[in-house]
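Undergrad: Build out the structure end to end from the sequences listed, making use of the hints.
Residue numbers (our numbering): 1 to 256.
Calculated from the structure, these hints are not laboratory results.
Don't take every hint at face value.
[To be verified] Derived CB-CB ranges, DEER-like:
#1 Glu155 <-> His93: 29 to 39 Å
#2 Gln237 <-> Pro57: 12 to 22 Å
#3 Ile160 <-> Leu13: 33 to 43 Å
#4 Ala23 <-> Thr179: 49 to 59 Å
#5 Asn84 <-> Ala110: 15 to 25 Å
#6 Gly27 <-> His93: 18 to 28 Å
No experiment lies behind these values; they were computed from the predicted model shown.
In this text, a Cβ means the ideal position worked out from N, Cα and C, and glycines have one as well.
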Amino acid sequence: MQRMPNAIQLTDLTHDDLVRLYAYPVGPQAPYVRVNFVTSIDGAVSLEGRSGGLGTPADRQVFRVLRDLADVVVVGAGTARAENYGAAHTDSHLRTRLYHHGMGGDADGAAPRIAVVTARAALDPHSRLFTDTGARPLIITTAAAPADRTRELAEAGGEIVVAGESAVSAAGLLAALETLGLRRILCEGGPALFGDLITARAVDELCLTVSPLLVAGNERRIAVSPNAMPTPMTCRQLIFAEDGTILTQWTRAHTL
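TA: Listed below in structure tokens is the structure:
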């Protein structure tokens, strides 16, 4: 029988408390995959086509902390397009401090890289992903991606990483990030990418925010895959915000 975690009030936590609660394992020897999602009470993954519509101040506060802690932010191309992704902007002083404590970050305080998974290199080279000032985005694609597209994205500033012949598997994605020394992985969706990671049994942790809204409609689940097997998870913590937002953290049972 699982022990229920302590309920914590967000107002009782400082920023440093949140950093400590969400810290990755120190010095991971293999990629550690954390997934972050927000849903409505009734399970909708977005509102009017965007997950940002479900966001609350508490969710945005933890969202920023999770990015501060990561080496790389991974996202599927559909989500990158729908959410108009740009470069990650994080707390440079915290990133430097984390580095000197062996907890990730960067010696110069540089933000984590954004890595977009797209088998066909289907991205707009004029989008914010390429025009924002920040770390050079990683384009995780395949050998079958049209050469003219990959060339355009490279010319726009993207670093092209081939991680498969015609599809980017979860194993190929993680191997590519491991080669680049990016082990503290934060996946921000979308549902298909999350489903692929579950199918590959690669998800170490899920940070799930429950927004105090009922949405109904025809919205999708946070993870979609016809092949995934159930993955036992353990609830590590529950944080409650004054507006009704619930911030949960789940870890794969054997990673505790």
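Undergrad: So, for every hint listed, does it hold in this structure?
TA: Comparing the hints with the structure gives:
Between glutamate 155 and histidine 93 the beta carbon distance is about 34 Å. The supplied range of 29 to 39 Å therefore holds. Hint check: glutamine 237 to proline 57, Cβ distance near 19 Å, so the stated range 12 to 22 Å holds. Between isoleucine 160 and leucine 13 the Cβ separation comes to about 40 Å, which falls inside the hinted range of 33 to 43 Å. Evaluation of the 49 to 59 Å hint for alanine 23 and threonine 179 yields a failure: the beta carbon distance comes to about 24 Å.
Judged by the Cβ atoms, the range 15 to 25 Å given for asparagine 84 and alanine 110 holds: they are separated by roughly 22 Å. Between glycine 27 and histidine 93 the CB atoms are about 22 Å apart, so this pair conforms to the stated range of 18 to 28 Å.
In terms of the numbered hints stated before, the structure departs from hint 4 and from no other.
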